[in-house]
Amino acid sequence: MCISCRCNTSLLIDYCQDERAHKYIIIDVGKTFREQVLRWFVRHKIPCVDSILLTHEHADAILGLDDVRVVQPFSPTNDIDPTPIYLSQFAMDRYYTTALFKL
1 MCISCRCNTS LLIDYCQDER AHKYIIIDVG KTFREQVLRW FVRHKIPCVD
51 SILLTHEHAD AILGLDDVRV VQPFSPTNDI DPTPIYLSQF AMDRYYTTAL
101 FKL
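In terms of the UniProt record's numbering, the sequence shown has 98 at position 98, counting the first letter as 1, and numbering is strictly consecutive.
FYI, nobody ran anything at the bench for these hints, they're computed from the structure. Warning: the hint list may mix true and false statements.
[As the list claims (entries may be wrong)] Pairs of lysine to aspartate or glutamate residues, derived as EDC-like cross-links and limited to a Cα-Cα distance of at most 16 Å, are as follows: (1) K23 to D50; (2) K31 to D81; (3) K23 to D81; (4) K45 to D66; (5) K31 to D50; (6) K45 to E19; (7) K31 to D66; (8) K31 to D14.
[What the hints assert, rightly or not] If you anchor each label on the Cβ, the simulated ranges turn out as follows: (9) Y86 to H22: 13 to 21 Å; (10) T97 to K23: 26 to 34 Å; (11) F90 to R20: 21 to 29 Å; (12) P47 to T97: 13 to 21 Å; (13) R34 to S75: 16 to 24 Å; (14) M92 to I25: 35 to 43 Å; (15) P76 to H56: 20 to 28 Å.
For each residue, glycine too, the CB sits at the ideal point set by N, CA and C.
Please model the entire structure based on the sequences and the hints provided.
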């Protein structure tokens, strides 16, 4: 029996500064990001995402942004720095134009 497990394309970079210090950078977080976290982050013991790079403004790159919170540290006092998100000015303008238009 063949079950399709296709997800949106993402790339996780594990930048090792030394044996103990890792930085995790993810490129694109599409609508299936949550499923990818449950499948791969747990298996490979990825504790959080340190930064996000979005390549474009389409659904396959941004619709999982809200689900990034699943893997981020939580603090009731809100004393944790926000996760940096990098994208082009064009992509940001398109995202805000589209998001505001739908409101």
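Here is what the structure says about each hint:
Restraint check for K23 and D50: the C-alpha separation of about 6 Å stays at or below 16 Å, so the hint holds. Simply put, K31 and D81 have alpha-carbon atoms about 24 Å apart, too far for the 16 Å limit, and the pair is violated. Note on K23 and D81: the hinted pairing holds, with a Cα-Cα distance of about 15 Å set against a maximum of 16 Å. Straight-line distance between C-alpha atoms of K45 and D66 comes to about 21 Å, which puts the hinted pair past the 16 Å bound.
For a cut-off of 16 Å, the pair hint linking K31 to D50 is broken: about 19 Å separates their Cα positions. Pair hint K45 plus E19 holds up; C-alpha atoms about 15 Å apart against a cutoff of 16 Å. Proximity of K31 to D66 is assessed by CA-CA distance (about 9 Å); at most 16 Å being required, the pair is judged to hold. The suggested pairing of K31 with D14 is violated, with an alpha-carbon distance near 22 Å, which exceeds 16 Å.
Separated by about 19 Å at the C-beta atoms, Y86 and H22 satisfy the suggested range of 13 to 21 Å. For the hinted restraint 26 to 34 Å between T97 and K23, the CB-CB distance of approximately 32 Å keeps it satisfied. Take F90 and R20: their Cβ atoms lie about 38 Å apart, and the range 21 to 29 Å is violated. Between P47 and T97, the C-beta spacing of about 35 Å breaks the proposed range 13 to 21 Å.
Taken as a hint, the range 16 to 24 Å holds for the pair R34 and S75, whose Cβ atoms sit roughly 21 Å apart. For the pair M92 and I25, the supplied restraint of 35 to 43 Å is violated, since their beta-carbon distance comes to about 18 Å. Roughly 35 Å separates the CB atoms of P76 and H56, a value that falls outside the hinted 20 to 28 Å.
Checked against the numbered hints given earlier, this structure breaks hints 2, 4, 5, 8, 11, 12, 14, 15; the rest are met.
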